[in-house]
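> Sequence:
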Amino acid sequence: ESTKVLAAEEETPPEDEILPDANQLKAIIDFTKLNDELEGLIDSNPEEAGYLVEEEQAKVERWKAYLAQTAEGKAQAARWDVLVARLNGGGSTPTPTPNPDPVVTTRTETIAITTIYTADANLEANKQVETFAGVAGVKTYTTRDGVEDAGVVTVAMQPRQVTVGTKSTVVTESIPAPKDIEELDAKLEAGARVLKKGAVPGTKTTTTSYTLNTATGVAVANAPVETIVEGTAAIYLVGTKTTNVPVVTTEEVVETQVVAFETIREDDPNLEVGKEVVETEGVNGERTIVYTVTKTDSVETARTVKSDSITTPATAKVIKVGTKPVRVPVVTTEEVVETQVVPFETIREDDPNLEVGKEVVETEGANGERTIVYTVTKTDGVETARIVKSDSITTPVTAKVIKVGTKPVHVPVVTTEEVVETQVVAFETIREDDPNLEVGKEVVETEGVNGERTIVYTVTKTDGVETARTVKSDSITTPATAKVIKVGTKPV
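Counting from 6, one number per residue, gives the positions in the sequence shown under the numbering used here.
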């Protein structure tokens, strides 16, 4: 069996012919097999060949109609007619008795949705975004008198479209600088080591690209590519001049630096033009640098970077920038009247006819009323401005007048003084198991010491007699020390 495939340079079929699709190709193959079977029976068993023609003639007629616009279909139809004529001894093809009431049924099959994956180099690796959900297709089969055709696609399947991220990941890390270089210096005292040129750490950048497997939709990581930029070594001058031997010490000094956060501005189609909203607040990171500091006679003579790392990464500040067109708001104004209570004042007047300490209300106070008229502006029904149009006292207040006695009476002598009182705070005793001390033995590890509590009272006296006492302060001035006893638990 073989299927002819037209090459690109071959001539296109005539206008009344078409290239067969997959279903038509299958029908052509089946038609060819039937012709081969008929040709074999004509020579070996003509009677059986006649039965075959009667049984298959209805199917052949459907094939002829179905394949009428294909060159191979027409060729097999012509071959069938020649073979039937040969079977009949050169006569006409026997016409089968048509079925006056054929049984016709149909059935459908769902054509499952397939998925087409497309790579997106700007999308995070293996992040999938569905751009089209896809539509299932439908294929309809027709059966006439028990013979089912090859089926026709009545609803074309539309594949699901998915974009898969293949954005490369880039990781950059610091690598130590090469070993320090020392240069002898006869002008520098022996033992001295002075930095001539500081070290520069190198960097290693690892880039991982991804290749999309269009069958599975998985972005497969390719072999990482490393780019290394070597650092430069620090150069130190080492003294060779003979003098008094200095005291050289080294110590580590830790320094932290702020890593400023970056600000990212992203368009937001749901936010109006001109508006900006902070979606994520930026947070500065922290960089920690450890130096090895060399001191000669307590004076710093060298400093090298031992380590330099980002201990707290910075968090970028994300600002949403509105791109949504601004709608023209509806602005209205109206007057709003508001009343407020004006509280009355209280006037206290001396009265020489009233004893000291007595008070009499001569006139009861009455609140007044204040009326404020506002001009209120609303935008889309929401108040956006309010200004005062008028502000007046519509009801005056009536002051409350209280007569206060000034007539002399006996005034008791009231004095106050502070009294300090101390109290002992007893220490507590704590017993602790000691696995190193034999059972039955106890050792006082810490002697208990009482503490002291100080209470300060404010004492009020009237004509020399105490009439009130309140606590001004109450504090532990000397905390107690607990007595600790070790109790042996070690088996004897």
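It is worth saying that the hints were derived from the structure and are not from the lab.
Computed from a prediction, not measured in an experiment: that's the story for all the values here.
Watch out, some of these pointers could steer you wrong.
As the list claims (entries may be wrong) - Have a look at the derived ranges for each label pair, beta carbon to beta carbon:
no.	residue 1	residue 2	range
1	Thr123	Val205	37 to 45 Å
2	Thr120	Glu284	26 to 34 Å
3	Arg91	Asp26	52 to 60 Å
4	Thr159	Thr384	55 to 63 Å
5	Gly203	Glu284	37 to 45 Å
6	Thr123	Ser49	55 to 63 Å
As the list claims (entries may be wrong) - For lysine-lysine, the following DSS-like pairs were computed, each having C-alpha atoms within a straight-line distance of at most 30 Å:
no.	residue 1	residue 2
7	Lys202	Lys144
8	Lys144	Lys132
9	Lys64	Lys38
10	Lys300	Lys192
11	Lys491	Lys477
12	Lys184	Lys246
13	Lys38	Lys192
14	Lys64	Lys79
15	Lys477	Lys446
Beta carbons are placed, not taken as given, at the ideal position from N, Cα and C, and that holds for glycine.
> For the pair supplied as a hint, Lys144 and Lys132, is the alpha-carbon distance within the 30 Å limit?
With Cα atoms ~34 Å apart, Lys144 and Lys132 exceed 30 Å; violated.
> For Lys202 and Lys144, compute the direct alpha-carbon distance and say whether it is at most 30 Å.
violated, 79 Å
> For the pair supplied as a hint, Lys64 and Lys38, confirm whether the alpha-carbon distance does not exceed 30 Å.
This hinted pair holds, its Cα atoms lying about 13 Å apart.
> Tell me if the straight-line CA distance from Lys184 to Lys246 falls inside 30 Å.
holds, 24 Å
> Keeping to a limit of 30 Å between CA atoms, is the pair of Lys300 and Lys192 held or broken?
holds, 18 Å
> Does the alpha-carbon distance linking Lys477 and Lys446 stay inside the 30 Å limit?
Given pair Lys477, Lys446 is violated - Cα atoms ~48 Å apart, limit 30 Å.
> How does the Cβ-Cβ distance of Thr120 and Glu284 compare with 26 to 34 Å: does it lie in that range?
33 Å Cβ-Cβ, so the 26 to 34 Å window holds.
> Does the structure keep Lys38 and Lys192 at a Cα separation of 30 Å or less?
Since the Cα atoms of Lys38 and Lys192 sit roughly 106 Å apart, the hinted pair is violated (cutoff 30 Å).
> Tell me if the beta carbons of Thr123 and Ser49 are separated by a distance inside 55 to 63 Å.
Holds: the Cβ-Cβ distance is about 58 Å, inside 55 to 63 Å.
> Between Thr159 and Thr384, does the C-beta distance stay in 55 to 63 Å?
Taking Cβ atoms as reference, Thr159 and Thr384 lie about 56 Å apart, which means the hint holds.
> Has the given pair, Lys64 with Lys79, been kept, meaning a C-alpha gap of at most 30 Å?
It holds: about 15 Å lies between the C-alpha atoms, which stays within 30 Å.
> Are Lys491 and Lys477 close enough, with their CA atoms no more than 30 Å apart?
Between Lys491 and Lys477 the Cα gap is close to 41 Å, so the pair fails against 30 Å, i.e. violated.
Of the numbered hints listed earlier, those contradicted by the structure are 3, 7, 8, 11, 13, 15.
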